[in-house]
Amino acid sequence: MADSSRREFLGTLAGTAGVAWFTSQCPAIAQAAATAREVDSLSHLDADLAAAIDAIGDRILPSDEDAPGARAAGAIWFIDAAMGGFMGGAIGALRGAQADADRLAADRFATARFADLDTSQQDELMPTIADAPYFGTVHLLVVAGTLTMPSQGGNRDGVGWDLIGFDHRHGWQPPFGYYDRDANGDPSP
Amino acid sequence: MSVTFPTRKPVDFVIVGSGAAGGVLAGELSTAGFGVVVLEQGPYRRPESFIHDEWNVMFGGDLTGHPAGPDPQTFRHSAGEEATVPGGGPPPALYARMVGGSSVHYSGNFWRMRPLDFKERSLLGEISGTGFTDWPISYEELEPYYTRVDWEIGVSGAPGPFDPPRSRPYPVPPLPIKSSGALFEKGAQRLGLHPQVAPKAILSQPHNGRPGCIHCGFCIGFGCEVSAKSSALATSIPKAEASGRCEIRPLSTVHRIALDAQGRAREVVYFDGDGNEQAQRSRAVILAANGAETPRILFLSEGNGHADGLANSSGLVGKYLMFNGHQSAHATFDEPLNEYKSVQCTRIVMDFYETDPARGYYGGGGIDARPLVNSFPVLYATGGLPPDVPRWGKAYRDYIAHNFTRNMTILANTTSLPLESNNITLDPKLKDMYGRPAVRMTYRDHDDDLAIGEFLQRKGVEIMEAAGANRVWADPIQAQTLAAHLLGTCRMGNDPARSVVDRYHRTHDVANLFICDGSSMVSSGRGQPTMTIQALAFRAAEHIANFARAGEIPTAS
Numbered sequence: 001m002a003d004s005s006r007r008e009f010l011g012t013l014a015g016t017a018g019v020a021w022f023t024s025q026c027p028a029i030a031q032a033a034a035t036a037r038e039v040d041s042l043s044h045l046d047a048d049l050a051a052a053i054d055a056i057g058d059r060i061l062p063s064d065e066d067a068p069g070a071r072a073a074g075a076i077w078f079i080d081a082a083m084g085g086f087m088g089g090a091i092g093a094l095r096g097a098q099a100d101a102d103r104l105a106a107d108r109f110a111t112a113r114f115a116d117l118d119t120s121q122q123d124e125l126m127p128t129i130a131d132a133p134y135f136g137t138v139h140l141l142v143v144a145g146t147l148t149m150p151s152q153g154g155n156r157d158g159v160g161w162d163l164i165g166f167d168h169r170h171g172w173q174p175p176f177g178y179y180d181r182d183a184n185g186d187p188s189p
Numbered sequence: 001m002s003v004t005f006p007t008r009k010p011v012d013f014v015i016v017g018s019g020a021a022g023g024v025l026a027g028e029l030s031t032a033g034f035g036v037v038v039l040e041q042g043p044y045r046r047p048e049s050f051i052h053d054e055w056n057v058m059f060g061g062d063l064t065g066h067p068a069g070p071d072p073q074t075f076r077h078s079a080g081e082e083a084t085v086p087g088g089g090p091p092p093a094l095y096a097r098m099v100g101g102s103s104v105h106y107s108g109n110f111w112r113m114r115p116l117d118f119k120e121r122s123l124l125g126e127i128s129g130t131g132f133t134d135w136p137i138s139y140e141e142l143e144p145y146y147t148r149v150d151w152e153i154g155v156s157g158a159p160g161p162f163d164p165p166r167s168r169p170y171p172v173p174p175l176p177i178k179s180s181g182a183l184f185e186k187g188a189q190r191l192g193l194h195p196q197v198a199p200k201a202i203l204s205q206p207h208n209g210r211p212g213c214i215h216c217g218f219c220i221g222f223g224c225e226v227s228a229k230s231s232a233l234a235t236s237i238p239k240a241e242a243s244g245r246c247e248i249r250p251l252s253t254v255h256r257i258a259l260d261a262q263g264r265a266r267e268v269v270y271f272d273g274d275g276n277e278q279a280q281r282s283r284a285v286i287l288a289a290n291g292a293e294t295p296r297i298l299f300l301s302e303g304n305g306h307a308d309g310l311a312n313s314s315g316l317v318g319k320y321l322m323f324n325g326h327q328s329a330h331a332t333f334d335e336p337l338n339e340y341k342s343v344q345c346t347r348i349v350m351d352f353y354e355t356d357p358a359r360g361y362y363g364g365g366g367i368d369a370r371p372l373v374n375s376f377p378v379l380y381a382t383g384g385l386p387p388d389v390p391r392w393g394k395a396y397r398d399y400i401a402h403n404f405t406r407n408m409t410i411l412a413n414t415t416s417l418p419l420e421s422n423n424i425t426l427d428p429k430l431k432d433m434y435g436r437p438a439v440r441m442t443y444r445d446h447d448d449d450l451a452i453g454e455f456l457q458r459k460g461v462e463i464m465e466a467a468g469a470n471r472v473w474a475d476p477i478q479a480q481t482l483a484a485h486l487l488g489t490c491r492m493g494n495d496p497a498r499s500v501v502d503r504y505h506r507t508h509d510v511a512n513l514f515i516c517d518g519s520s521m522v523s524s525g526r527g528q529p530t531m532t533i534q535a536l537a538f539r540a541a542e543h544i545a546n547f548a549r550a551g552e553i554p555t556a557s
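These protein sequence lines are chains A and B, in that order. For the first sequence, counting from 1, position 111 maps to 111 in the working numbering; every step adds exactly one. For the second sequence, counting from 1, position 80 maps to 80 in the working numbering; every step adds exactly one.
Be aware that one or more of the hints could be misleading.
[Unchecked claim] Covered by chain A, according to a simulated footprint, are these stretches of chain B (three or more residues, beta-carbon under 8 Å):
| no. | region |
| --- | --- |
| 1 | 171-178 |
| 2 | 214-222 |
| 3 | 272-283 |
| 4 | 302-314 |
| 5 | 323-336 |
| 6 | 340-353 |
These are calculated hints, taken from the structure and not from any lab test. These numbers come from a predicted model, not from an experiment. By construction, the Cβ of each residue, glycine as well, lies at the ideal position given by its N, Cα and C atoms.
I would like the entire structure built from these sequences, with the hints used as guidance.
Okay, structure coming up:
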């Protein structure tokens, strides 16, 4: 839905009759919100930096046969885009993480890049990385890249939201959860 | 109906700030027949522009600004410390910069204060080292205006067992209970407590031409795109504009109030959206800029015999800042609660509202059940977990995957004692983009404030345990470093030596300058002040209009 038409239809909600219509349109609205921004190249991260942060992100929220994580969500694309926004100052923390991770890989496994280690080797280094001052920033960006709106580059196809059970619609009716079913009189939340 | 007033011709009232108080004042005074210009520093956002963008709203400060943005703020715990700009997170004085102010992004907990709140000093006696005192007005005097807030702003609710007297029922029924409310109710009842419906400034069904809530879950921190939240943007601002006598002037950052030779407010000087200095002439000025920005403007307006800030002969401008205490605890349950849906709170416990001398310290409050910010995916996964859960790896991923929908929080909302050492001043070094000295906040919770917070947090833990939580953990009790409640910094009182405004919100020192916002409050209440701020604004508007009609507001030459 184009931005202007979205505004128009939300404008109709000033009247009370709009609510039922609004709720009936939820699937379409959710679909619009879940559409990933199309990107085909990095704008702010160079390839080595992106590889390092992607690899660390994959150890923070791993993707495997059981569940998707940061890599499956395309978190690195969000992080790249975020460097052009209010978090642009965090590029230094990302570079610090890359330098530290690559140094650890070289010292411990004689491999130049953290990204080239296998995941068990990476996991051996993660406790050191997780104690570093930059980790909070990297962690936030990886998590945000997995769990924010897909239109911001990550959370591809809403896989992060599916992971945690966050159903992104624009409206709900009770019951909302298991424990209010009796009070709200509907057996199927 | 839009109207534009020329800046060089005096308008009846300039109101600085368009939030909870400024909006009501604008609506009331304009519909009473007065010409009003509202100067608002933020933009005029429309409801249809509000989206569920956690990243930009909660992390980017889209509505509130950044502590290190164009209008930075500094914080310190005591006067002996160097105040610094916080390294991350929200600004210390956290408020929304936009038409409608913080009423746009609040979660709408609308608690009335009770009769005791207005006379607690008389009931309990002196508390050494504090500015604890009675209000110059009573609950009974404010009650009709609380009722106007219920009906004209729009509050959903149902009476509770400890409620103060009310002259009219709630206009619309309670919002539907959430799973956190149901669990909270069960646990509290098992402990012999009296859980009750949480009154909310969010409509449960259509009222006054606005729709009921669609339960989208994006209340706290966000604007409501359907205008079910009873913000000033959705209620009093449209009323003011419909009068044809009120101009909302956004992107207008007030620099100072200029006086005439007789010491009367003559014009309000501000920077417009292009950074050009403007001045709006006015017969009277009302500051409603919030408990941080109102004292800042008074300090910036020194001169003309006001050496320490305008209207500050008492020396109390900026002092007695009160935050309210907010302590939290969390739990997980076996089945999904889905707290990301619907409003924040649906049930509260008010059994511990009053000060109990047996506890050995001053204070009381209410406990509510809510997700807090843990209803938002990124905030939950970065800050909503027990301390022993790893922050990386499969165990981390699987923990958030399982527990995001099974998490709940209780928030203990409590009293703050007024201390002179807790205050707003101008930072001596830091300036904003216009060269105005930055807000410097100095604050450390009184020991009694922390004690009552810990007491109620513990009660919240017991309630969640009694409700069957499979795990409960409490956040550490620590001195607060930011506040969304900015109270007490231009307190109301009868004695000009001990207060800044009188019982009608007129400053003791400048006859055509009024102040009405959180700064007017004498005590903090029990943690949810906006309803009281709006009741004060309805009452102030009535008196100010009467003064104006009677020719009792002298104007500048």
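Outcome of the hint check:
{"no.": "1", "hint": "171-178", "result": "holds (count 3)"}
{"no.": "2", "hint": "214-222", "result": "holds (count 4)"}
{"no.": "3", "hint": "272-283", "result": "violated (count 0)"}
{"no.": "4", "hint": "302-314", "result": "violated (count 0)"}
{"no.": "5", "hint": "323-336", "result": "holds (count 3)"}
{"no.": "6", "hint": "340-353", "result": "holds (count 3)"}
When the structure is compared with the earlier hints, violations turn up for hints 3, 4 and for no others.
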